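Engineer: Sequence:
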Amino acid sequence: MSIKSVLAKPLAGFVSRQQRRYAQEAVDYQNEILEDLLELAEDTAFGRNHKFSQVLTYADFKQAVPLRDYEGIKSYVNWILNGEKNVLWPGKPLYLAKTSGTTSGVKYIPITRDSIPNHINTARNALLALINQTEDAAFLNGKMIFLSGSPQLQKKNNLLVGRLSGIVNHHIPAYLRNNQLPTYNTNCIEDWELKLEAIVQETLGQDMRLISGIPPWIQMYFDRLHEVSGGKTIGEIFPNLSVIVHGGVNFSPYQQKLSDSIGKKVNFIETYPASEGFIAYQDKQDEEGLLLNVNSGIFFEFVPVNEIFDENPTRLSLAEVRTGENYAIVLTTNAGLWAYLIGDTVKFVSLEPPRIIVTGRIKHFISAFGEHVIAEEVEKSLLAVTNTLGGKVVEFHVSPCVNPADGLPHHAWWIEFDELPADTTAFAKKLDEQMTQANIYYKDLIQGNVLSPSQLHIIRKDGFRDYMKSLGKLGGQNKVPRLANDDTFAKGLSHFVLKR
1 MSIKSVLAKP LAGFVSRQQR RYAQEAVDYQ NEILEDLLEL AEDTAFGRNH
51 KFSQVLTYAD FKQAVPLRDY EGIKSYVNWI LNGEKNVLWP GKPLYLAKTS
101 GTTSGVKYIP ITRDSIPNHI NTARNALLAL INQTEDAAFL NGKMIFLSGS
151 PQLQKKNNLL VGRLSGIVNH HIPAYLRNNQ LPTYNTNCIE DWELKLEAIV
201 QETLGQDMRL ISGIPPWIQM YFDRLHEVSG GKTIGEIFPN LSVIVHGGVN
251 FSPYQQKLSD SIGKKVNFIE TYPASEGFIA YQDKQDEEGL LLNVNSGIFF
301 EFVPVNEIFD ENPTRLSLAE VRTGENYAIV LTTNAGLWAY LIGDTVKFVS
351 LEPPRIIVTG RIKHFISAFG EHVIAEEVEK SLLAVTNTLG GKVVEFHVSP
401 CVNPADGLPH HAWWIEFDEL PADTTAFAKK LDEQMTQANI YYKDLIQGNV
451 LSPSQLHIIR KDGFRDYMKS LGKLGGQNKV PRLANDDTFA KGLSHFVLKR
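Here the sequence shown is numbered in the numbering used here, starting from 1 and rising by one per residue.
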């Protein structure tokens with residue numbers, strides 16, 4: 001037993017008690033954070049433009065600072081890129097996290113000296129919560145792999161620019177550096193397939209105990225290990241593996257296949273990191289939801305999803321939300337984001353403490369016919385059908401088919417299976433039945449013969465992977481869109497349909 005695992009247990013107890021206290025007084029901490037953020041940014045360009053000196057209450061804040069997405073702060077970010085300081089936050093950012101935007105092209109999200117602890121300490125707190133609950137810190141004694149973007153950073157006007165995961169890689173605590181894989185040189189490989197091969201070669205034969213990454217890329221890593229080891233399970237290759245840390249996409253469609261690949265019980269920790277801030281993490285193995293990060297430099301607001309495109313949508317603080325409602329999440333942070341819509345939707349499963357689940361993306365929905373279908377509904381429907389009729393899903397996408405060659409419009413499900421269900425026709429029928437139960441608007445459209453039942457298109461093995469590669473979006477933080485309100489993604493995907 002190493003000194004790290006010995007010392008981790010009392011630290012885990014202390015931090016977990018601290019986080020519980022924050023959660024119990026979440027509204028008070030949120031009010032304090034808003035006050036502090038406004039005071040600290042009063043003399044920035046943004047603070048002067050929005051008269052922060054006159055903002056005394058949350059109601060004042062909502063009046064002074066409208067909701068905005070990246071387009072709303074882009075002019076301020078451009079000032080920062082041109083070398084200006086005291087723009088969105090005092091001084092200059094430490095980094096600009098580079099992300100892909102659909103309408104804005106490349107986005108540059110500031111990360112400041114004040115905000116970097118939010119990213120680093122929250123990841124630590126998630127691991128400490130597991131140690132506190134299980135009283136097992138043995139994973140700290142072996143190797144850990146973080147499947148991340150390249151840690152190589154570029155310079156733009158003396159500002160360091162890179163992917164969030166690459167930036168965070170530079171701040172992994174010194175006491176974990178000797179445990180970390182892959183090596184720096186391997187992590188810098190941009191081509192995902194070459195990088196994956198190098199990671200496999202570096203980790204085979206190592207005492208891997210923790211693996212962290214986005215589920216589809218973890219599964220690709222597992223699949224390659226399975227191949228090169230002659231068919232061994234991951235648990236046989238890494239007998240001491242005990243922790244999988246995941247985030248970025250809904251885990252439920254991947255969980256069964258990942259568990260089967262591992263072949264033994266491990267602890268899964270779900271996290272909710274974003275370039276804009278580390279929002280929440282799983283603090284309990286036996287309770288639903290992720291603990292909201294209420295005292296980490298982020299003030300949260302929530303907008304009812306059905307109002308998000310209204311001219312003056314309702315804005316709610318943590319004190320005003322309810323369980324079971326879908327909200328668009330809004331962040332105001334010590335990185336200089338103000339009433340910023342990150343594009344995700346969440347639902348509270350408890351308020352004391354505040355725990356959330358991620359239900360989808362504002363832009364990832366289907367309402368081509370007025371059905372208002374969201375990611376949570378399709379993911380739960382698919383899980384229910386696989387639990388009933390079998391089949392192991394690798395990846396999927398759902399799109400509207402507005403002008404079919406024959407028959408009525410319908411929803412198209414594009415699914416790649418690792419293991420096909422016994423009866424794909426029954427599978428498709430059951431999937432449509434689940435959707436009519438999940439969404440009343442969809443049910444009305446089906447019963448009113450506006451839509452015909454969903455059609456299932458089976459994607460060949462590695463079809464999603466090959467399609468993402470053809471788009472230049474293989475690996476890193478790239479994710480397959482689960483839903484789309486048009487057939488743009490589906491048209492390309494149609495070339496990878498299984499020919500039978």
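It should be emphasised that the hints constitute simulated quantities derived from the structure, not laboratory data. On a predicted model such as this, the values are computed, not experimentally measured, just so you know. Where hints are given, some of them may not hold.
Said to hold, decoys possible - Pairs of lysine-lysine residues, derived as PhoX-like cross-links and limited to a Cα-Cα distance of at most 20 angstroms, are as follows:
#1 K155 - K9
#2 K156 - K143
#3 K143 - K74
#4 K92 - K74
#5 K257 - K491
#6 K284 - K9
#7 K461 - K443
#8 K257 - K85
#9 K257 - K429
#10 K469 - K430
#11 K473 - K461
#12 K473 - K392
#13 K85 - K9
#14 K392 - K491
#15 K74 - K155
#16 K469 - K491
#17 K363 - K232
#18 K156 - K98
#19 K155 - K143
#20 K430 - K392
#21 K392 - K363
#22 K443 - K430
#23 K264 - K392
#24 K51 - K85
#25 K232 - K284
#26 K265 - K143
#27 K257 - K155
As the list claims (entries may be wrong) - Distance windows between CB atoms, simulated:
#28 L389 - N78: 50 to 56 angstroms
#29 Q455 - F309: 26 to 32 angstroms
#30 I120 - Q255: 32 to 38 angstroms
#31 T488 - V349: 31 to 37 angstroms
#32 V349 - L471: 30 to 36 angstroms
We treat Cβ as the ideally placed atom computed from N, Cα and C, and that holds for glycine.
Engineer: Check each numbered hint from earlier against the structure, then list the numbers of those it violates in ascending order.
Structural biologist: 1, 2, 3, 5, 7, 8, 9, 10, 12, 13, 14, 17, 19, 21, 25, 27, 30
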